[in-house]
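Using my numbering, the final residue of the sequence shown is 138, and nothing's skipped along the way.
Everything labelled a hint here was simulated from the structure, so no lab data went into it. It is possible that some hints are incorrect.
[As the list claims (entries may be wrong)] Result set (EDC-like, lysine to aspartate or glutamate): computed pairs, CA atoms no more than 20 Å apart in a straight line:
| no. | residue 1 | residue 2 |
| --- | --- | --- |
| 1 | Lys-107 | Glu-67 |
| 2 | Lys-86 | Asp-121 |
| 3 | Lys-107 | Asp-65 |
| 4 | Lys-86 | Asp-99 |
| 5 | Lys-107 | Glu-88 |
| 6 | Lys-71 | Asp-98 |
| 7 | Lys-107 | Asp-61 |
| 8 | Lys-86 | Glu-68 |
| 9 | Lys-71 | Asp-99 |
| 10 | Lys-86 | Asp-61 |
These numbers come from a predicted model, not from an experiment.
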Amino acid sequence: MRTIRAFYRDHFIDLEEDAKQEGWRVVAIIHGTSKRELSPPAVVSPDDLTAEQHAKAAVDQQIVTRQAPDWGDVRRRLFPPSTPPGE
């Protein structure tokens, strides 16, 4: 039995070839620092690259991406207008 570990978007993806060498499956998806586990896809893929693609899609679906900051708002907070109030 062969295993592969891949890394994608801060997550380790563990792949495993079944004993009869009929396909690959995703065993675990674990965050690199927090060790939080995501649900692996329940599919058996014909090769390791296809299994990895399924795992990457599972990561993309399960993690919440942060929205990019509104740089105009950030700039206004860091550098408020220099005009005194009331003018």
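Results of checking the hints against the structure:
no. : hint             : in the structure
1   : Lys-107 - Glu-67 : holds (15 Å)
2   : Lys-86 - Asp-121 : violated (31 Å)
3   : Lys-107 - Asp-65 : holds (11 Å)
4   : Lys-86 - Asp-99  : violated (23 Å)
5   : Lys-107 - Glu-88 : holds (14 Å)
6   : Lys-71 - Asp-98  : holds (13 Å)
7   : Lys-107 - Asp-61 : holds (11 Å)
8   : Lys-86 - Glu-68  : violated (23 Å)
9   : Lys-71 - Asp-99  : holds (15 Å)
10  : Lys-86 - Asp-61  : holds (10 Å)
Consistency with the previously given hints fails for numbers 2, 4 and 8, ordered from lowest to highest.
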